[in-house]
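Chemist: Listed below are the residues making up each chain.
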Amino acid sequence: MSATALHFEQVTRRFGKKVAVDRLDLRVEPGTILGLVGRNGSGKTTSLRLAHGMLHTDGGSIRILGLDPQNDGLELRKRVSLLAEESSLYPWMTVQEILDFGAAVHPNWDAKLAADVSGRLQLHPQEKIRHLSRGTRAKVSLVLAVAVRPELLLLDDPTAGLDPLVRREVLQGVLEAVSDEGGAVVYASHLVHDIERVADNVVFLDEGMKRFEASVEHLKDTTRRARAVFENGAPDALQFDGKIDAQADGRVLTVVAEDPGRDLDRRLRSLGASEVEVESISLEDILIAFLRTEAGSEVANV
Amino acid sequence: MFRALWIKQWVQLRTLRWVGFGLGILLPFFLWAGAGAARRGWFGFKLAGYDLTTLFAEALPAFCVVLWCLLALMFAAQTFAGDRADGTDRFLLERPVPPARTWLARVLASLASTLIVVLGHTLYMLALVALVTDGSGAVFYKNLLLATSAGIGLALLGTIGGMAAGEMVRTPMQAVLIGGVLAALPIGVAMFLTAAFQTVSIFGVHLGFVIAPFLPLAMILMSYRAGCLGEPSGRGRIKRGVTILVLGLLVTPALFAVTTPFVLRATVIGAWPQSTAATADRAVLLGGGYRRSGGWMIDTEKKSKIRFLPPPVTSVAWNDDGSILAVIHLSGFLGSIGKVKLELIDANGDTLRSDALQSHRWWLADFRVQWAGERVMVIERYDERTRISTVDPNEGVVGEFVVAHPVGGVVRLLGPTDSGSIYVHSLTDADPRTYSLRRLDMNELVLEEPLLTEDGDLPMYTRMSISPSGRYWARGWWRTETKTYESWVIDLETGMRTDYPNSLIEWLSGDRQLRTEWIEDERRLVVQDGVDTEILTRRFSSKVGGTVSPDGRRFLVTVWSPGTGTTDMPKRVDGLLIGDGSDWTELQSLQDDLGDGSNWSIRWGGPNTLIAYSLSTTLVADAKPGAKWTAVLGRHP
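Protein chains in written order, with my numbering: chain A, 1 to 302; chain B, 1001 to 1637.
Heads up, a few of these hints could be off.
[To be verified] Capping the alpha-carbon separation at 35 Å, the derived lysine-lysine pairs in DSBU-like fashion look like this: (1) B:K1239 <-> A:K210; (2) A:K78 <-> A:K243; (3) A:K78 <-> B:K1305; (4) B:K1339 <-> A:K17; (5) B:K1305 <-> B:K1339; (6) B:K1046 <-> B:K1305; (7) A:K18 <-> A:K78; (8) A:K18 <-> B:K1239.
[Stated by the list, open to error] Calculated from the model, a selection of chain A residues having no Cβ within reach of chain B, i.e. all distances over 10 Å: (9) L55; (10) E75; (11) K78; (12) E86; (13) D100; (14) A104; (15) A248.
I should point out that these hints are in silico values taken from the structure, not numbers from a laboratory.
Glycine included, every Cβ here is placed at the ideal spot set by N, Cα and C.
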């Protein structure tokens, strides 16, 4: 458990001419949860499949729990579980049959844990997979993923499309199962609220590249939003340290900025604001601010 | 783990299996209905009639063989491509399951499904056959079991095609279609090789059928490499599989090309002398098989091979001094059948000239070759004609003429005599039909007036020979009633005929007659000066045969042990005698290290050489006392 759970170094993967993952660096320590955030097609799924050894790299190196996914795939898949958005469960099996089959093909299967989690998620053993709702199928997949006591759990948007209650149940199940064992989790999703709830660190991916990486707690602690009123109209260009995004609307300027010293109010007033109102914001808003800045800089670069 | 994988694959095929069983059960009724409809002319043709025995005991197994092949293809396609099509292949890929185990479980599950369906259908058909034949159709049971065996073989091919295609494509239906092509590929390749390179057979099996099974092996490897190696998600899967398939397709013909020369040579290991030079140590050994045999030109003095003659060799003839061998063959590239060619080869095995011959019937062309002094005579028989061409070794074809005769009529060229004369014996078109013996004018290439004519009702296939000077003509034929030869000799100068009942005649040099006689239980060898004075007579109490040496100066006598001479092949050779025609040499056993002589035949290999051959070996020895046999083809026993 002492080795780094996941370590990507300049990893690149292409599908034909399209670069799905571009010189990506990632690091996940045991016992932590990394949130991978990004739009559809940003490289989240590819990154997880690379980590699981399902895909091979076109460049760079990957070590998972000290293993090379490309060469130690079988050993790695004994210790790492992948829980994906799309079900790969055999529709003709019952819940019990697929759990039995999962047990037969995995040496680390913990029958007691599987029974516990199944019970908690209220799964009915004799129901056919093809008759289950999407949410229930996600729960079955969750049991299959956690019952092998993975040292690293790769979650590829497993709660996408599920109702909030089921999503909460599944996430709760993941956290309980893994955190108790000290395992690591990489959770890829575009549902930032979920990431915010569970992740220690967050990485934002866009077009296969890492745009930024930060601790969720630190990001939320140090990033704030301020609404400042300028009597003579909000300035078009306002530069100060830590600014992430600024949007002017008449006399009001909405600013998202790093504020580790809790002095955003003072800094804005020193720049001419007559009124300043500072508040904490959600991870999603922070990310949107970052995204807007990225888009603006790209336009500016053009 | 493997058991769970196997059971999973087996259960996944249960629907298809039931469909397969169902189709087999319904098939007889479809056939029955189809036959009934055909009898009413509903299919655009009218079936005269049918009966259930033919339908169920003969037609049904053939249809079932096709059905089994198709079902095998479907089982394999579904097993190997089904999970991918459903998106459930990730379940195993994402778990610590060695891909090879999954692959093996799939192979065994599809094979087991095929076999169980074949078994079920076979039992069902056995019951049907018992029903329609009242249990008395033993021959039908045998046919049915043969069909089942063939069906299992084809179903195996179907499985292999399906598993190869199933690892390459996304859906089972694609796998069925592509797998069908792949399954047919080995059969197609075998058929192509068989048709294109007709002579490359060994022990009666064409090399194409030996080489083509490499393709299914390549497909198994293709399936394994595509499914079990490389990235689990499948990148490079098609490339890996196609590479193996292409390699298989390249290696198969390459293997065929590399092994063909050895196979062609291997078929002539037990060859016998087909032509020997009269005064030189040269012979040609040809293997068995009608016009499919290859041969070896050998030096009988050095007891070594000179040159291989690829099959099919139709006819060979050495000139008298062994300086030129005339060969008519149809050999083409790599054992294929090419154009009919006359090839003249010198004593060292180098080709002097090679001329394509115009043939009236390709492949079935009936060509023979023989020497007439310095020229080669090429005899082609077709329909109601026999064309005789003369070829000068330096100038090529210098003339030809055609002899007309009734269909099936045999034209024989006899000679050349010591003076170089050639005689033509043929059945004429005249009414009443007659045989005529005419001398050929070698300068003008025309037939002279008949020297004699015979009743056209005489047996067509007889042994005949002309004496070295051309004075005597001997003819003999097998008399079935007495199981002996009946011969006569006609003096062509006087026209006098001398009958030799129970005899067979050959000629030694100087017009000395060598006659084998059957007189009750006694066999006699008689050397006689023409038809006059008996020079020598030897009596034997068992079967005996005599063969004249190529130079006509000596003869070889083979003596069978008493009571064993009932077949042409001596079961035991007691002793071999060499007579020079004027007197006997001492009794000399030449069998030496041929064991008890079983399964050996001995012929002249030249004026001073003997050749012994069995099914797998050809040996050469000097025709003198105490000579040792040396293997030129195969191994010395």
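Chemist: Each hint needs a verdict: does it hold in this structure or not?
Modeler: Hints, one by one, checked against the model:
no.: 1; hint: B:K1239 <-> A:K210; result: 32 Å, holds
no.: 2; hint: A:K78 <-> A:K243; result: 45 Å, violated
no.: 3; hint: A:K78 <-> B:K1305; result: 67 Å, violated
no.: 4; hint: B:K1339 <-> A:K17; result: 55 Å, violated
no.: 5; hint: B:K1305 <-> B:K1339; result: 26 Å, holds
no.: 6; hint: B:K1046 <-> B:K1305; result: 62 Å, violated
no.: 7; hint: A:K18 <-> A:K78; result: 31 Å, holds
no.: 8; hint: A:K18 <-> B:K1239; result: 19 Å, holds
no.: 9; hint: L55; result: 5 Å, violated
no.: 10; hint: E75; result: 7 Å, violated
no.: 11; hint: K78; result: 4 Å, violated
no.: 12; hint: E86; result: 7 Å, violated
no.: 13; hint: D100; result: 8 Å, violated
no.: 14; hint: A104; result: 3 Å, violated
no.: 15; hint: A248; result: 48 Å, holds
The structure fails to meet hints 2, 3, 4, 6, 9, 10, 11, 12, 13 and 14 from the earlier list, while all remaining hints are met.
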